[in-house]
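Fit chain B to the supplied structure of chain A, relying on the hints for placement.
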Amino acid sequence: MVEKNKNVLTMGEDGKEKITDGVDLRKRELFKIFGKTSVAVGTLALIESCTRKPQPEKLLPYLEFPETTIPGIPYWFATTCSGCPASCGILVKVEDLIPRKIEGNPDNPLSRGKTCARGQAIIHQLFSPDRIKKPRLKKADGNFEEIDIQSAVKLLTERLKSANPEKVFIFTGNITGKTEKFYLDFASKIGIPEENIIRWESFSFAPLRKATKIVFGKESVPVFRIDKADLLISFGADFLDTGPSTVLYSRWFAKFHSVNEENNSKGKFIYISPRRNLTGLNADRWIKVKPGGEIRFAISLLNKLIEKGAVKHKDIAEKFRTYFPEKVEELTGVPEKYIDLLVEEIKNSKNPLIFPPYFGDENSTSLATICLIINYLLGAVDKIVLEGFEYTKLSTPKDIKEFVRKVREQKVDVLLIHAYDPVFTIPKFIGFEESLKLIPFVVSFSYHEDETSQFAHLVIPDYHQLEKWGDAEIIKGLVSFCQPVISPLYPDTKQTEDVLIEVANLVKEGAFQVSSFKDYIRAEYGFSDEDWVKALEKGGIFSVDPENISGSGEISLQPAEQIKDAIRVMNSQSAHSDGSAIIVYPSYHLYDGRMANSPWIQEFFDVSTRLAWRNALEVNPKTAEKLGLKNADIVEITYDGKKIELPVITYYGIAEGVYAISLGRGHKNYGRFATGRGVNPLEIIPESFDESGEISFIYYGFEIRKTGKRLKRLPTNEGVPRQLGRDIAQFTTLSILPKLDAKKKFRELEEIMKKKFPRGDWEKYGRDSAKPNKYRWKMVIDLDKCIGCSACTIACQIENNLPFVGEEEVIRGREMTWVRVERYFFTSDELLRNLSGDNHKGHSEPSKNGETDPDKVVFVPMMCQQCEYAPCEYVCPVYATMHTSDGLNAQVYNRCVGTRFCANNCPYKVRYFNWHDYFKNVPEPLNMAFNPSVTVRSKGVMEKCTFCIQRIKYAEHDAKIEGRDIRDGEVVPACAQVCPADAITFGNIKDENSAVSKARKSKRINWVLKELGTEPSITYLEKVFIDELDKKFEEKEV
Amino acid sequence: MHAEREKIRVNIHEGITPEGKEYGEQFTYSEISEEIYRASAKPSIWYFLGLGICVALVLAGVGTVAYLVMVGMGAAGFTPPIFWIHFIVNFVFWVGIAHSGTLISAVLHLFRSKWRRGIFRVAEAMTVFAVMTAGLFPLIHIGRQWYFYFLVPYPNQRELWVNFKSALMWDFVAVLTYFTVSLMFFYVGMIPDLATFREKAKGIRRTIYSILSLGWKGTDKEWRHYNRSYMFFAAFATPLVVSVHSVVSLDFASGVIPGWQSTIFPPYFVAGAIFSGMAMVVTIITPLRKLMKLEKFVTDWHYDHMGKIILVTGLIVTYSYAVEFALAIFSGNKYEYDQFIYRATGDYAWAFWLMVFCNCVVPLFMISKKVRTNVWLMFVLSIFVNIGMWFERFNIIIISLSHDFLPYAFGTYLPRWPELLITFAAFAWFFMWFLLFAKFFPVISIAETKELVPKPLRERGEH
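Chains as they are written, first to last, in the working numbering: chain A, 567 to 1604; chain B, 9 to 471.
This is chain A alone, in the form it adopts within the complex:
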């Protein structure tokens, strides 16, 4: 990671004029200061005031640049991500004064320079065309009237003055650090009781919190040190999808799960759940448990462990032995021998860890409890850090129900909502939406059109995260600051905290000593000017690094009897004996739906279903066949008279008889890109709570009916998810790994090349035929590390100005994803056949009845392979695609006439054509986020991955100016930069010591379609399957 030139944006709100008015002198002044950040902080803090004139709402590019900015030279500002409550530290690239791209903050121990797909896309929210630009007041007739910010603040003040503070409620998101303190301060200063602050996030992790309380006596969302484990068993915990910190867990998971070539060892990951999300797809074994059977499975496992003496604390263990349900196999749907095998695995491993679920069915608290007990008994508590993520004060849906009851009892007069769209995210059965109509005065602080703001009496639009000041302390001692990276786009918006300060000061004089939230935070941390600037530059105060924290083995268990009393097993699934269930689950890219207003996120191919723009009912192919359902058939799901209609998609990662629908879609009002896309299952789910107050995510007793309607085709980029006996997804097994030899593989490649060029002069035609160059760029992708999260896809889209194309075009397969993460499923059989080489001939059909579902998964990020002997090059009649001397397969957009021969002739199908002027779909001001270093392509032009040539050129220029060669690691393409698992290595192979040269020495090295003799520049390191584990499980199955 190259050190970035980080800056602090120290302008105040006055800075607003810089966007709204092109030739204001004050703005010029401001940006002079902007360049000399450290000096100016103190001064500017004083200048800040609320005395701004409303400005006409217009976004204009600069005619004359402020003197201190150099066009084309980006500045990097550290701030905090808002893609989910995990609050990763990010750096925002500000080029020509406009934020263009987000990268992780390398200093932040949580993100370590990486982000997930969501984090990449928050920039689209900033520039969303559907932001609320002016405060709104609901008139008597129910229509909204736009007012200015001052009158809005006045209205709120009046209302708060007259209201009984006891009856004022505040909805916030997950607030941490000094922001949390601020809200508490605000409440106490105007007399609002603390419990009236309701912290609402869709996923409250309540079952796990309750379980830690039960087991260890402390409510916590622990940090699980999965990187320290060698056997990980997850009971449906999707820590890679939507866990408390996706980026941290992805990094650790890659560390834990990637192979160690020297020791020939690799962490084993077993996933127990009826459905696989991204986390489950990465499992070495997926144990398909019946919905509702997880708890019974866990209890049996606990008992078997004790029985076989696999536990450390034997005396305590005996106390938990009473549970032993009969008929495990029947209740869980898992052969009993699997449990024996698991026990054996646990016994044989040094560092086992059981990952309890974050949520699940109505038994999830008890399930989490049992998982924690097992962990304790196995002595795995050293990997459980109870000083974990700060989600512990989040309200549960049950708390919201309580709130709704209060509303009905008229105990709520004023409600301030500063959380992501509660009307959308709270299940309908709770009745929150109806209750809003009963509250006399509802204020929404949403920055964007949403459903909640429709019900508000007053809307005071907030700033977007990237315009805000703030902080987040997601792990105690790990503070990440938010600072604005652009001055507010709309003059009539205001940061909610600033509004609250102003209101508090008006309601009660002198409530706050400060006049802005920025000052509040600064004062709270007690920074000197210098420290403040340093902290902002760094992005936070990182006194704690999750890499260095570990749980103490001393964690004490609560009394066993007490724990046993707390465990309850509810049986709602037994009422519906066919065992069919609907699982609702949060989707990786939409989280709770907050990311849905980014069109690029809408067009993100779901990590499990591979659908874009909508969600669908996931069905196992066999179940679908039984029911006569086909992909794209539209079905109607009825529960208690409530209906939703959605298409069917078949998916191998779901057990037979189980259905699943993802959350985060079906918005009724969330801007033009989200509204009406997909369905929201929260609308029909019945009331069902877990003990902790979290809703159950598994439901029984619904009806599925075919409507007879069909979609033309599903908007997916997946053709056939099976490899058909081909050698695309590169993999090997632990037992074969030691026999592999990198040199032999290179020789094999050479043989192929020699065959292609029988005179042996093949080197002459490709590779070094062009003029000699110091650099030859190559990439290595470690498939064993790749978790398939597809963050690379969206990072690439943002870096390279790839447009979104819309659902209709995706149906036609015209999506623009230079990096396409292909996902192949295998059966264990197929895997072994492939490796022994006898599957290389012939056509193996997708799984038919009788064959077990394929459960092995390999993700292959497929981008332009920059072939040394590229089939696309020789077919272009106009030389629009040609080889450069540094080994790139360049695409000359201006020369391209669009014969599309290259795309046809590309064996990797990684060329993308501009069928229309797609960039014209991007409405203003969303186009502001385009990268100015990359051209926007017009219709009729072919395009493809360039290895981020603009980054190579930047590095070349820098090196030239400094009179040196490009250093290793200086050029990092966007995909490699973002990859949270660090699966992608890029560099110059002419440098023997570069990371990429070293990576190419791995014995797992391989090429996709190498038999074609294209000699790709991208080498893949084979994924390693643990065949010994598979053999054990499959033998016993027979």
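Do not rely on the hints blindly, as some may be mistaken.
[Unchecked claim] To spell it out: a stretch of chain B is covered by chain A in this simulated footprint if at least three of its residues, at any positions, have a beta carbon under 8 Å from a beta carbon of chain A; those stretches are:
| # | segment |
| --- | --- |
| 1 | 146-160 |
| 2 | 336-348 |
| 3 | 412-420 |
[Said to hold, decoys possible] Label-pair ranges, simulated between beta-carbon atoms:
| # | chain 1 | residue 1 | chain 2 | residue 2 | range |
| --- | --- | --- | --- | --- | --- |
| 4 | B | VAL63 | A | LYS1321 | 38 to 46 Å |
| 5 | A | GLU1577 | B | LEU57 | 56 to 64 Å |
| 6 | A | PRO901 | B | PHE365 | 50 to 58 Å |
| 7 | A | LYS1196 | B | TYR155 | 41 to 49 Å |
| 8 | A | GLU1577 | B | ALA357 | 54 to 62 Å |
| 9 | A | PRO695 | B | PHE156 | 34 to 42 Å |
Since the hints were made in silico from the structure, they are not lab data. Quick reminder that beta carbons are idealized off the backbone N, C-alpha and C, glycines included.
Just chain B now, kept in the frame of chain A:
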């Protein structure tokens, strides 16, 4: 028919029916000229109706192309990974149609085959118009039509050259050469006939024919030059019979896509082209001889010969299919293997089996001479062959592309109206030219037909 004339009639065709009956009728020189000129008389309402439909379709096609240029190629039903659709299918189809023209005029001329005389003018016209149709498609097809001149190798100030390694450039050169030679051949062969028309026409028509006939007087010297040059063109055009479609086939054969990369393609394409071209001659000439009352000149004797060619080329095509399959199955190349299994059993099995029926089964009926000499049956069969050959190209292009190397990137084609409309408009464009040609030019060579009249009769009557 006048009784006295009957006496002096001779058989202009060689050969006799199995029953010993002579084919055709006997003509004098003047009758030949009269009959053929009569065909260009004032047309009936049906002609105008047909022409009207063609022109309307062509205009619709032009509008569609304009629409495509305006909004981008995405308006057509391209469904990646299928980056080439009907535009290239049509291109190959029409180049194929163009093929039999040269074969009939040049190769059969060199072989002194007499049956070509009744149909070669139609075949040549068909060649010219088919190439004119085919040539449009690459232009319609490319993404930035307004930069089509990037594809032309000419010295320019941009200092940019074209890539002669690309099969598309070979194509460009081959088709352009073919078009030029065909057009010259077509025109040179027509000069004496145009002179005949000049003599018969009046008014503006006469002027135009005068210009077009280049002052042909029919002197011995002119005939000598004419015959030499015609022979020269025939010799020059003969290699093109092989080259054009071979080169077109290299568009595919030089690619790496399974189902494309195949050394059998050049001969297979040439055979296919003659097959489809000959079928198209039958398709065109049947209604033409009926409408223009030229049954006397194009008889079942011609049909018999055309049927034989269709049969033979059809068998070659069938053999090629078989070889292609065998190669795919026994080569051990899993991509090829999968591709061919997919063709026969996958999403487009209907298109594949339609092709097999039309191209392999239908021509087999032509083994029977009764079928070959049954004009309307031949017409129906020829339409089947045309459909089959169109689908052959559809299969090669669309099925191969939808199922190549990476299973994850497999896809199927979703049609949309623009490419279908343009496909029909292309037929309309072709027939439009043909209808115009049929009314303004001699559809059957007058001069060569007269050559068939035995010597004694040549001295009688006017020329």
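Hint by hint, here is what the structure shows:
1. 146-160: This one holds; 10 residues, not fewer than the three required, reach chain A with a Cβ under 8 Å.
2. 336-348: Answer holds; 5 residues pass the 8 Å Cβ test.
3. 412-420: holds (count 8)
4. VAL63/B x LYS1321/A: 38 to 46 Å: At roughly 56 Å between Cβ atoms, LYS1321/A and VAL63/B fall outside 38 to 46 Å, so the hint is violated.
5. GLU1577/A x LEU57/B: 56 to 64 Å: Since the Cβ atoms of GLU1577/A and LEU57/B sit about 58 Å apart, the hinted range of 56 to 64 Å holds.
6. PRO901/A x PHE365/B: 50 to 58 Å: With Cβ atoms ~52 Å apart, the hint holds.
7. LYS1196/A x TYR155/B: 41 to 49 Å: Between LYS1196/A and TYR155/B, where Cβ atoms are some 43 Å apart, the hint holds.
8. GLU1577/A x ALA357/B: 54 to 62 Å: With a Cβ separation near 28 Å, GLU1577/A and ALA357/B fall outside 54 to 62 Å, so the hint is violated.
9. PRO695/A x PHE156/B: 34 to 42 Å: The hinted range 34 to 42 Å holds for PRO695/A and PHE156/B, with Cβ atoms some 37 Å apart.
In this structure, the hints that do not hold are numbers 4, 8, in rising order.
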